[in-house]
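Full structure from sequences and hints, please.
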Amino acid sequence: MGEFKTFIARGNVMDMAVGVIIGGAFGKISTSLVNDVIMPLISVLTGGVDFSNWKIVLKAAVAGADGGIDPTTEVAIKYGSFLATILDFLIIAFAVFLMIKTINGFHDKLKKQEEAPAEEPAPPEPSNEEKLLTEIRDLLKEK
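Quick note: the sequence shown uses the working numbering, first residue 100, plus one each step.
What the hints contain is simulated information worked out from the structure, not anything from laboratory work.
Glycine is no exception: its CB is placed at the ideal position from the N, C-alpha and C atoms.
Among the clues, some could well be false.
Listed next, with one range per pair, are the computed distances between beta-carbon atoms [what the hints assert, rightly or not]:
{"no.": "1", "residue 1": "Lys-158", "residue 2": "Leu-182", "range": "46 to 52 angstroms"}
{"no.": "2", "residue 1": "Ile-168", "residue 2": "Pro-139", "range": "22 to 28 angstroms"}
{"no.": "3", "residue 1": "Phe-103", "residue 2": "Lys-127", "range": "27 to 33 angstroms"}
{"no.": "4", "residue 1": "Pro-225", "residue 2": "Ile-199", "range": "31 to 37 angstroms"}
{"no.": "5", "residue 1": "Lys-127", "residue 2": "Lys-210", "range": "33 to 39 angstroms"}
{"no.": "6", "residue 1": "Lys-127", "residue 2": "Lys-158", "range": "49 to 55 angstroms"}
{"no.": "7", "residue 1": "Lys-177", "residue 2": "Asn-203", "range": "35 to 41 angstroms"}
{"no.": "8", "residue 1": "Gly-163", "residue 2": "Leu-140", "range": "33 to 39 angstroms"}
{"no.": "9", "residue 1": "Asp-114", "residue 2": "Gly-147", "range": "43 to 49 angstroms"}
What follows is the structure in structure tokens.
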């Protein structure tokens, strides 16, 4: 039990939990974007066909005892819904890609700042005594 408490207390587990919660919320946002914004636009471009209702019917719905059609008896491959789910996935994947790219850009900037060599200060200007001693040395070398 102690090991479990240590595992839970680590920051990585908490970060992962926050990521899962935010990911779930973002998934709802992207699903709404696909179903409520993008799919109607695609439907308009395809001549008003409801994209989510695109399907291949394998077995048509049959009439119930009351004479009405029971839609639950229909067997169909709903490829329109499948395409909407793929589009949803691509939007989420693109958003994650942009997020990771941005974070990596920040990491690269920080790494460059840390690795940049500190500029060495310019040597101090020699004092008048040092200049005079240098001139004397140079004169003695000439002799």
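Violations among the numbered hints, reported as their numbers in ascending order: 1, 4, 6
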